[in-house]
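Undergrad: Residue strings, one per chain:
There are 10 protein chains.
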Amino acid sequence: MISSREEVTAQILAQKVVKGIKWSTVAEAVGLSKEWTTAACLGQMALDKEQASKIGEIFELTDEAVAWLQIAPYKGSLPTAVPTDPLIYRWYELVNVYGSTIKELIHEEFGDGIMSAIDFSMDIQREPNPNGDRVNVVFSGKFLPYKTY
Amino acid sequence: MISSREEVTAQILAQKVVKGIKWSTVAEAVGLSKEWTTAACLGQMALDKEQASKIGEIFELTDEAVAWLQIAPYKGSLPTAVPTDPLIYRWYELVNVYGSTIKELIHEEFGDGIMSAIDFSMDIQREPNPNGDRVNVVFSGKFLPYKTY
Amino acid sequence: MISSREEVTAQILAQKVVKGIKWSTVAEAVGLSKEWTTAACLGQMALDKEQASKIGEIFELTDEAVAWLQIAPYKGSLPTAVPTDPLIYRWYELVNVYGSTIKELIHEEFGDGIMSAIDFSMDIQREPNPNGDRVNVVFSGKFLPYKTY
Amino acid sequence: MISSREEVTAQILAQKVVKGIKWSTVAEAVGLSKEWTTAACLGQMALDKEQASKIGEIFELTDEAVAWLQIAPYKGSLPTAVPTDPLIYRWYELVNVYGSTIKELIHEEFGDGIMSAIDFSMDIQREPNPNGDRVNVVFSGKFLPYKTY
Amino acid sequence: MISSREEVTAQILAQKVVKGIKWSTVAEAVGLSKEWTTAACLGQMALDKEQASKIGEIFELTDEAVAWLQIAPYKGSLPTAVPTDPLIYRWYELVNVYGSTIKELIHEEFGDGIMSAIDFSMDIQREPNPNGDRVNVVFSGKFLPYKTY
Amino acid sequence: MISSREEVTAQILAQKVVKGIKWSTVAEAVGLSKEWTTAACLGQMALDKEQASKIGEIFELTDEAVAWLQIAPYKGSLPTAVPTDPLIYRWYELVNVYGSTIKELIHEEFGDGIMSAIDFSMDIQREPNPNGDRVNVVFSGKFLPYKTY
Amino acid sequence: MISSREEVTAQILAQKVVKGIKWSTVAEAVGLSKEWTTAACLGQMALDKEQASKIGEIFELTDEAVAWLQIAPYKGSLPTAVPTDPLIYRWYELVNVYGSTIKELIHEEFGDGIMSAIDFSMDIQREPNPNGDRVNVVFSGKFLPYKTY
Amino acid sequence: MISSREEVTAQILAQKVVKGIKWSTVAEAVGLSKEWTTAACLGQMALDKEQASKIGEIFELTDEAVAWLQIAPYKGSLPTAVPTDPLIYRWYELVNVYGSTIKELIHEEFGDGIMSAIDFSMDIQREPNPNGDRVNVVFSGKFLPYKTY
Amino acid sequence: MISSREEVTAQILAQKVVKGIKWSTVAEAVGLSKEWTTAACLGQMALDKEQASKIGEIFELTDEAVAWLQIAPYKGSLPTAVPTDPLIYRWYELVNVYGSTIKELIHEEFGDGIMSAIDFSMDIQREPNPNGDRVNVVFSGKFLPYKTY
Amino acid sequence: MISSREEVTAQILAQKVVKGIKWSTVAEAVGLSKEWTTAACLGQMALDKEQASKIGEIFELTDEAVAWLQIAPYKGSLPTAVPTDPLIYRWYELVNVYGSTIKELIHEEFGDGIMSAIDFSMDIQREPNPNGDRVNVVFSGKFLPYKTY
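Protein chains in written order, with this note's numbering: chain A, 1 to 149; chain B, 1 to 149; chain C, 1 to 149; chain D, 1 to 149; chain E, 1 to 149; chain F, 1 to 149; chain G, 1 to 149; chain H, 1 to 149; chain I, 1 to 149; chain J, 1 to 149.
Next up, chain A with everything else stripped away, as it sits in the complex (with noise of 0.2 Å):
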């Protein structure tokens, strides 16, 4: 028996090597982002039920792992505060760095408030380079003022 989204994420994974599938086809299948497709793929977005069909289709998973798709998720993909992997950790040091130029310019252009987390999408390309390719990725978040009451 299933008593977690995790066990879920890690047969999605483990399928995922073996029968060599793309996130961007299992997007296009759902007919949604990559970005979103594969966050909801790791186990940190709740499908509705034709979208976590589709996706047991696809990795071959059992109807009580489909159900599991459908909950929402206890979110974070780390596992530790200060994410060890290069890739990951190279965010969390911009987060670090520019942190602070972030919150200020954010407050210079719209006062106080932050930019949503939630109301939120993200978008990753490749910008070909001549002196090497890079990577390009867009957050846009929704403003959320903090309000006097």
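Incorrect hints may have been included.
Unchecked claim - Okay, derived cross-link-like pairs now, EDC-like style, lysine to aspartate or glutamate, Cα gap no bigger than 16 Å in a straight line:
id : chain 1 : residue 1 : chain 2 : residue 2
1  : C       : K16       : C       : E57
2  : C       : K16       : E       : E64
3  : B       : K22       : A       : E108
It should be emphasised that the hints constitute simulated quantities derived from the structure, not laboratory data.
On the provided structure of chain A, position chains B, C, D, E, F, G, H, I and J as indicated by the hints.
TA: Relative to chain A, chains B, C, D, E, F, G, H, I and J alone:
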């Protein structure tokens, strides 16, 4: 006597509040992006002589402080490993929730390696939106592949 | 020269003890709830010009301090990740013991998403009770759904 | 053989997903609030014999599991000191940002002491709102004064 | 200007050493137990006006410091989560080694709930013993049951 | 094969729930205090041969498990440095809030040294009280002075 | 089914001990340096198809394991943030003691930027020495300058 | 009065910025490598009388500061266990990613033991390279075998 | 299949309890000190072929386990950075309380450097004493001086 | 005014450097071992009146500082839980690597209990050795058995 860059950052912040200076004005005066300029003023980048003098003028810094601005600083702008400020935390959360997704998609597109946080630029823009304006942030970093040897 | 909002908070706290000012009096003078006003005085909210002047008068702050009150602060009012003060710890304990319950019930009612801590208000009231008066605290936050994209 | 309450919680969660049971239905069957019932099912409260049997029926638990439900559990429902799940983190953030405010206002009203997290109840409700429905959570705890001796 | 209770505690400690005052003498003067009085002087309890004045006289404190003594303090008297001082560590060790035992036996006697650390008193006594005198400490706290609702 | 005392503790706990055994009954059978006996069953004390056999009978343990009961265990009964369980946390809080007080008063009475946590006994009793029964816990430890050499 | 690279690493280590294979032999078979090859076998590098097959043959891995070797792994080879193993700790100590020195000297020579840990190679050699042989380790990484933008 | 080596380091750093001194110039004046000299100036090595006087002259230190330079310092040059500065973090990352590799290869070559971090020297050089100059760092430490006894 | 030294240590500990073997007997059989032999059995030292075979016989290990005994292990025998076991904690406390003293006295006698923990031996003896027997532990390590270069 | 023992320790250290005093000279003057005397000067032991006066003379301390020397201090001489200084870390490493060995051998010889860190003495000696002199440290502590009750 000044014995760390943090003291210079504190002077800049104090002057900014008293004088009501905007980061975008500083950036214009220095002739660089508001993102890089703010990061530099917040003690995360080393400035060259001319840039440092300009910043020194704007914030009425001593020669000693201007000299410190040209030293490569000990970087990291946050007081705790997991940031407590809600705006900055949302970015930490994005790394935590989407970190494994970003890793998967960059590897799917580029193979093993990282997105550089050094050969890197950032652009923050307001996107008007009838449901509430959005913060759009573009991160652009060179892809650096791991090499076999 | 003042180089952080914490210094202003310290001045407010010192004046409050010396003068014996009550938060509810301050709130009335500012014309806002006692919850928001106290949070603002404790360095967790940015005030507008008029509010800041009012606070400045009450606590006899300098113009510089009043200017700092209008800056969006680096938020987070506790000295350690797990608070040691018994009153505040009880709240941390509630999040620890009831956190998964709150998560389950909000998801059951609303689906995947969060309760906003920004589009948010709080109300603290005494409820007389023959077995000992009770503290009643209402937290009200907008539900923000995760969206697919 | 079952050697911890966590195993029973895992069984309940697994059954809940497979059978599509709702917490509110469970609460109704047990005749208690949905908040307390969910906390109990998630391993945070001890049930009496009758309540445990009822839960046992609903989730098809063994007698051994039903016996464990009646033991006062080792409480704490979160895997890390600072929770990574965004919904639960928002609550941690509220304690962090508003903690000192709550402390000040309770002391102003009641004097030195705490709000009990044991003689305590919680109520979670949806408040319809044209700008987006709101989550309203009422926390009610007895005030316990520190006594001199 | 004094901006935290810690400063008052430091003044008390400094005066105590210089003047060679004993805690038991202070307690007698205040008319309360030596345990509560010492905790109050060390910044863990709020005093009423009369008690604070008395303490103020004994330690030659300013009016401002006496005002601070009447404020409910941010409690917690140890600099690290795991105390390094051998005497205090032994107590931490007792909680660590005997914690689960205390939990089991209180639950066996009283059911689910806690022993209050607020409706609480403590008494420290020397017990003469030919094999070496013993420290006897009695902790007395009201049992608070978890209630269903 | 059993390779740690924790496995034996788990077996004891599982049997205790299934059979509904009380710690006080076990203590009586072994002929020792309920405090020491419970601590021993929870893996914090080494038993002698006779005591271990008795425990083995009561909880239907194998000879191998009985052998493990006679090994001095790796002590420490809590899963985290700061305990999350509310009952046990209150004791941690007492050490945190009253730690410096206990230190001051023991030093005032005995001079520099510690209260032993080894040459130590504990007694937990219910004290009937019309305002709610109380938990009384006596800690008794030999005073050990630091010596000059 | 294999659901993480760690399982493959464990298989490789188990086979290495049983068969008495040397890393240098593996490196020769794969035709790459012993440093890169060992890191790859220990789960820190992604191998291409041919390299993975070769490793698979040597350690008698299944096709599934060989497929996992070609996936970019979640990197980081140490179980704790501060390593406990004396050999590895010495390296952590070198970073701790000499870290600021390395930073100063690289900045003095190259200006602000970093030495890449990705465009990087390592070479470990024995240097015979009458006072005891020495371990010589060469780290070579591309200098990456911070750029203004 | 100076009561720690850190104060001397701060004076050296302040003077270095004001006077624009280079570490390599200091090293030449002292007649030792730039690596050792820099580490010593940054408070990681004890200097002998002559070296300390020379450093004192260059940085215009008082006799008291010069005396402190000759005391074996409490070593460790980084403010956090996991360094936040990108340049130094890359070194921490190398230890994390390659640590187990270094361990395996040193043991394969030398048997059980460590590479000394005391009987140790370091050399940092620029290697010109058409694809971007490289930083080459040679670490040389005596191998110390564990001995049986 | 065995994939870590910890598994072998667990087997040894399980056999030791079942068979009632003493470390001193093992040491005699291997012909080395009880300190080194115990450390080796507990997974902290690599054994040579003959020693490993001997240990294998005594604890009835498989050939695979005996092979693992000859691998240099990942050292560190404690589950947490600050040990919870009272006996081991006392040693941690000695390092904490006397650490700076040991440092001062070794530097006063030898100059800057360390006492080796590799070229090291330990001897534990009982010293009969009418006031209670004493544990005497001798640590002997080669002094390693920091060298200038 | 002095408000903590740390300030006195800082004064002693500052005077020691300026005057070039040796710990062994201080110990002789006080008539106690160099180990205890150094620990006392470093703020880890309470001195009696006569010893404190003697120390006060040697280091030219004020009466107030001399009074502080007679107060039982908050012990613990290291700034971090895992020490960064290489000399002190080696001791931490010995506890980590040999901790379980020491535990096993003391229990084998004495049964369950601990070696006292209070009824304790330490002796540090240089042992001349042609292969490099050795540091020999003898730790002697009374064995304290756990008792049943």
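Undergrad: Evaluate each hint against the coordinates.
TA: Going through the hints against the structure:
1. C:K16 <-> C:E57: holds (12 Å)
2. C:K16 <-> E:E64: holds (11 Å)
3. B:K22 <-> A:E108: Holds, at roughly 7 Å.
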